[in-house]
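Given the sequences, and given the hints that come with them, work out the whole structure.
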Amino acid sequence: MKKWYKKLLTPVLLCAVMAAAVAIGAVYFGFISKRIDEDSAVHLQEIYGQVNNSFGSFVDRNWGLLNEWGRRFELAEGLDRASVTAMVDQERERWGFSEFYFLSADGIGMTPAGEKSGMDLCGSGDGQSPREPVMAGQTLPSGQEMVVFAAPVASGEYDGFGFDAIAVSYTSADLAQSLNVDAFSGKANCFVIDDEGGVLLSTRTGGNVFRNYLSYLRAASDLTERELADIQADWAAGTSGLVRCRIGDVVSCILYQPVGYQDFVLLSAVPQSAVSAGFLSVQRTTVAVLVIIFLLVGAAAIGLLLLRGQRLSRKNQTELQYRERMFDVLSSTVDDIFLMLDTGEYRVDYVSPNIERLLGIRVEDARADIRVMEKCTIRDNVIIPREELDSIPLNGNKYWECEYRHQGTGEGRWYRMTLYRMSIQDVEKYIIVLSDRTLEQRMNQQLQDALNAAQSANEAKSNFLSNMSHDIRTPMNAIVGFSLLLEKEADDPEKVREYTRKITASSHHLLSLINDVLDMSKIESGKTSLNVDRFSLPELLEELSIILLPQAKAKDQTFTIHVQGAPPEQILGDKLRLNQILINLLSNAIKYTPEGGRIEFLVCEVDHSAQSQYVKLRFVVRDNGIGMSEQFQREVFAPFSREINSVTNKIQGTGLGMAITKNLVDLMGGVIQVESKLGQGSAFTVELTFALPEQEEKDTWYRQKITRMLVVDDEEEICLDIRELMRGTGVDVSIRTDGAAAVEAAVQAHRNGSDFHVILLDWKMPGMDGVQTARAIREKVGRHVPILVLTSYDWSDIEAQARDAGIDAFMPKPFFASTFWQTIKPLFTREESRPVEAALPAENVLAGRLFLVAEDNEMNAEILTEVLSMEGARCEVAVNGRQAVEMFEASQPGRYDMILMDVQMPVMNGYEATRAIRASAHPEAASIPIVAMTANTFAEDVRNAMDAGMDAHLAKPIDLDAMRQIVGRLLAPGAGADDDKGDSIS
Amino acid sequence: MKRGLFSAMLLGLAMALLLTACGGDTASAPAGDGVTLTVLGKKTDLEKSYMTRVFDLYEQATGNRLEIRSYEDSDFETAAAKDFADGKAPDIFLHFHNADLNRFDVAENFLTLNDEPWVEDLTDGALAYCQDGRGDLLGLPFWENSVSGCYYNKTLLDSLGLLPAANQTEFDMLCQALAETGYTPICWPANGCSWMIQFALDPVFADQPELLEKLNSRQIAYADIPQVTDMVQWVADAADKGWFGGSFLQTGWDEISPALASGEAVMALIWDTWFYTDLEQDGQYTLDDFALMPVFMGTAENGTYEGGNLNMMMVNKNGAHVDEALAFLRFCATPENYNAAFDGISTVSCFKGQTTNIQSGMVTDAAASIAANERVSTAASRIVGYSSDDVAAAFEALLSGRTDVSGCVGLLDEYRLAEIEAQSAADQP
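So the sequence lines, in the order shown, correspond to chains E and S.
Okay, so the first sequence: first residue is 0 according to numbering that gives the first Met the number 0, each after it adds one.
Okay, so the second sequence: first residue is 0 according to numbering that gives the first Met the number 0, each after it adds one.
Quick caveat, the hints were computed from the structure, so don't treat them as lab data.
Just so you know, these numbers come straight off a predicted model, no measurement behind them.
Among these hints, one or two may not hold up.
Claimed, not checked - DSSO-like, lysine-lysine: derived pairs with alpha carbons at most 30 Å apart:
1) S:Lys351 to E:Lys115
2) S:Lys47 to S:Lys351
3) S:Lys240 to E:Lys186
Written as C-alpha cells, this is what we have:
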C-alpha cells in the first residue's frame, strides 16, 4: 500500500501543479481576453471615428468645393468649355474625383465635355436637381457604381445647357484612395450605407460586391432578425453601435456610426481577429513568453530530472554491469548454473555462462530455447514438468535432485535444481539454480560404499569371530576332552595312542588356524615383503606333489600335474610365497572336491622369448568339485568369506586362505582369476612374472652320450610333454602308451643295436604296469639300460618289488629335464643312486644327539626335552639367549650336535644370540647348526633367522617329523651348514 | 448547347449511317443552266437547317447549282485532305477554324477575304474567330454562335445584397461573400468536364498569339507560360476555399442544371444556349433569374467571354469557279439571306444585322461587357494536341490531391504531347 502511494504521489503532485497552472492561466487569459475585447472595441471605435471624421471632412470639402465653384460660375461672365474643362481638370488633380457634372433642374447631368446622363440624386425618381447638398449613389450606363456629391448653385448655362446644381462623382476606388482607409491590413470592409443597408460606397481597395449590407448580414451572419431590426433602428435613429456576430466561419465586429449627412451610416465590418490582432499579438507574446518560461522551467526541471535520472540510470547501469560481470565471473568459478525464466512463455532472460562448461550447452542455445537442456537429461525427457513449475507459489521454492549428462564429454553429473518463483518489478520470474552436487554425490556414494564395506567387513568379522569361536572351540574342545579321557584311560595304551593322535590332529588344525589369522593380519598390515631368490621350479612342483599327493590320495582323488611347453627351470622369485599360493589353491581344490574327484595342476609358460630376462608363468588349478556360486565368486577373495552351504559347513576353514592368496598374488604383481560353476568345479588361474637367472650349459646330455630314450605312459599327452621338455637336450624321445609296446620297442631297439639310453615308465598303466614292463624289458634286453619309473604316487610301498624287477630309480611327476638329469646322472656315473632315499629322513636321526636348547618358556622347554628324550636324544636348556651363548662358548667342541634357538627371549633374543655364537671364538662357532625354533612363522621371520646366521627354521609347536627332516639334513654326513640353508618347516 | 449539339451530331451521324454507306456522299444539285459549285463539309454540318435553307435560297436565286459533298465526321479531315491532295478540292470548303485546318495548307488553297463587303457586318467575335494569326480573314462564319461566360443567379445575388463582379478582385470577393452565406459560389463540374479551363486559357493565347505559335511549335510548354500556372493556382485556391462546394469532384454535366435551378450554386461557367437546352424549367430559378458576367480565373483581370466555335465557308483559290464561290459567300452574307436562314434559330448573332435569330437576354444585357472582353475560342480549337479529356484528367489529379499545381501543369504538358504523338502516329500512312 505504501509503495502504491509513493509511486502515485509524484505524478499526482505534478498533475495538480499543472492543473493549477492551467486554471490560473485560464482565469488570467479569460480576464485578458475580456480586456482585449473591450480595448479592441474602443480601438475600433477610435479608428472608425477618425474615418468618419475624415469622411465628414471629405464630404464637407466636396460641398465646399461645389459651393465655391457655384459662386465662381455665378460670378463668371459666361462659361466657355475650355475654361471650365481646364478648371475641372485642375480640380480633379487636386481632389481626385472622377467627373464633374452640371445638373439641370430636370435631373440631367452634363459633363464639361458635353456628355449627358440622367441622374436621380434625390431618390425621388422624378429627376429633380437637388435643392440642398446631397450625396448619392449612381450607376453609370456602363454599369459602374459612382458616388455623387451635388450642391445647388445659382442657375446658369453652360454650353447651352441650363443648370441649377453642380456635382462631382467618385468611384469607390477614388473614394478609397481619397479616404485612405487601410486599417486592419485590408481585412476590414468599410461602407457608407443608407439606413436601409444600401451601400453607397465601399472603401475596400479593388472594388465592391456588396449592394446591400443588411441583406448580406441577414444571409451570411448569425444575427437574428430582431438583432438586425435593432441595428437598422439604430441606423435610422442615428445611433452608433457595435455588435459581434459570426459571418461565415469568422467572428466579426460590426461597428456603425452616423455620418451626419442625411441618414448615411459609416459601417465597418472587421474580423475580430483583426481588431484584436495587436492585443492578441501582445497576448500571444505574453502567452508565448509565459509558455516559454514555463517550458524552460519545465524543460529545466525535466532536464534536471532526466540528468539525474540519467546519472542514476548510468550509475545503476554501471552497477548492474559490475554486478553482471562479477556474477559472470563468480558463476564461471563456481559449479552452480543460474537461469532466469519468464513464467508465461518460459523464455530465458538470463543464463550464466558456465552452463557451457558444466553441461556443454552453448549460452546462446540455452537463451534461445530452454528445452535444449532436455538433451542433457539422463532419466527424464523434460527438465522440469510444467505442473511442477506451476505448483510453486509466489515467493516459494522447490528443489529436485537430477542427473545431467555433459553434452561434450558425456560425463554424468549430479545437480540439485532449486527453483524459486518470485516477482521482480511486478513481473513474475522463475529463478533456477543448478548446483553441482557431483562430488558430494560421489562422496556420499563412497561413504555409502565404505559404510557398506565396513558393515560387510564388520559382518564378515562377526561371522569370522563366530566361525573362529566355533573353529577354535572345536579343536580346543577335542584337545581338552581327549586330554581328560587320556588322563582317565592312561593305563590303556591303545586308547592313549588314539587320544594322543586326535589331540595332535586337533592341535595341528588349531595351529593352522592361528597361522592363517596371523598371516592375514601381517599381510593386511602391509608388513609382508617378498624374499626373491633363485629357485628351481621342478623342485617346487616336486615339493608340492610331496605335500599334496597324500591328501589327494587320502580322498581317492586323481591329482595330476601337467607342465606344458618348456618353462624355465630356474627362476628368480619368492619360492616360499609361491609355494604358499599354490598350496592354498591345491589344498582348497582337494578340500572342496569330493572323494574320487579330479584335481589338475597345470603349469605353462605364457610369454617368454629367448632374449627376455623375464618369464610369465601360468598356474592353473582345476577341479571337478563342488564349485562356487556366481555371487561367491565375486567375494571369494574377500577376507573372512566362506560360502555357506551344506557341504562347506562340514569343512573346516578360516575363510582367509583365498584372501591371503589374492594378496600374495597382488604383492607379486600377478593376477588371479577364478572360473567356477556350482556343482561342476572350479578353475583358479594365477599368472606371475619371474625374472630369469643366467642360463646354464645344456649340452651335458650329449657329453654323457644320452641321445635316445623311451617314454611310456598311457596318457599320450604326458609323453608329448616330456618330449617337449627334452627338446633342446639333443635326446631323441620315443613314445609308447602301453607296456607291451614299450617292451617291443626296447627289444627292437636292442636288436637294431641301438638300445635306448634310458627308459622312463609310468607306474600305473592299464595292462602291464610300470613294474611289469620293466621286468619284461629286463628279461628280454638285459640290465644295461637304466629304467626309471615316473609316478605321482608314493612308491615306498612298491619300492622293493620295483627294484627287484630291475627298476633303477623313481621319479616324481611332473617331469622336468633337470630333475630327470639329477636322477639318472648317478646311474651313468656308476655311483649308487639314492635319489629318493636321500630326501627321506632316517628313522634314528635324533637318537644320541645332544641339543643346546635356548627356550625361556619352561613348559616348552620341558615338552621339547621330553620329546627329544623319547627320540633318544638329550638336551641342555638355556633360559635366554645370553645363557645359550655362554653355554656354547663354554662347551667342548663336538659336545653339541645342534642348537635349537627360540627367538623371543628375555635378556638376549635368538637372533642376537645366534650372531653372538657365530661371532664367538668357539671352534664350532661357524659350523654348529643353529635352528630357529619359534612361534614367529612368517617368511620375514625365516629370512631374519637366516640373516642372523641360523641354518633352518622350525615353527612352534614343534612338529617332530619336521624336526627329524631338518636334523637329518643338517646332520647328514657331508652336509655342510650352508647346504639347503633356509629350509623352513612348519 | 454544346452537349445538345453533340447529341444532335450523334443523331445525325446515326441517321447518316442508316441512309448511306460509309464513305463520301454527294447530294444531287438541282438541274439548271448556271454554274455548279462544289461544297465540301462534314455531313452533319451540311445537314443543318440553316445551311440547307441558304443553299436552297442560293440555287433558287442564281440558278447555279451546288454540288454538296460530305464525309462522315470521323473521316472528314482525312478524306478531305486526300481530296485536296488528289486535285478534287471543292470550290467552297466548310471547316471549323481549329488546329486541323493546318492540314489543308491554308495559304496555298484558300483566298483571304479581308476585302469582302460583308466583313464590316460581322460581329467582333465572329470576325476575330475567322481571322488567322496575321489578321487575314479566312472564311465567312455561317454557323450557330454562342457566348460562354460566368452565368450567375442575379435574383439570388440581389437577395443576398451582392453585386456581380467587374474584375478578378471583385470576383474573388464575391465568391468569398457567397461562401460566407452558405451557397456554393460556382458550380464546378470537375467530373469529366474541362471547358471552364479553355475559357480561362482563351485570353492567354488570344491576347498573345505568339504564345500559341510557340506552344504549337513546341518551343515552349504550358509550364513556361505564367498565366497557365496562375490559372491552375486559382483553381486550386478556389477549391481549397470551398468556392466549388464540397462535392465538386462528383459534379459532372448532369449536376449543373439541378445546382443552378435549385439555387444551391449561384454561378456556373457555361454558355447561353445551355439555358435553353439543359436548364431545368421547373426549378426554383429559371432562365430569367440568370445574368452573365465574365469568367475570372486568374488569367484576365477584367474577365473573359468565349465566343462560339464557328463553321466558316472558305473559297478555294485554285478552284474553277473562284468568282462564283465568292459570290456565293456574298449571297450568304446578305442580311435578308442570313436572316432567312437563321430565322427562329437560337443563337448569338454573327452578323450585326442579324435580327431573326433568338438571342438570349442575358447576352443582350451583357453586350457591352461581352464586346469589351470576348475572346475567340482559342484554346480548344487551336492548341495542337489539346484534349478536353486530358485537361479534365490533369485537373482531377490536382483537385483530388494527387498532385500539386506544378504537377498539374506538368500533366497538361505531358498529356498534350502524348496526344500529339498519338495523332502523328494515326496520320502515318
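These are the hints, each one checked on the structure:
Restraint check for lysine 351 (chain S) and lysine 115 (chain E): the C-alpha separation of about 27 Å stays at or below 30 Å, so the hint holds. Between lysine 47 (chain S) and lysine 351 (chain S), the direct Cα distance comes to roughly 22 Å. Compliance with the 30 Å bound is thereby established for this hinted pair. Between the alpha carbons of lysine 240 (chain S) and lysine 186 (chain E) the distance comes to roughly 16 Å, so the proposed pair stays at or under 30 Å and holds.
Taken one by one, the earlier hints all hold for this structure without exception.
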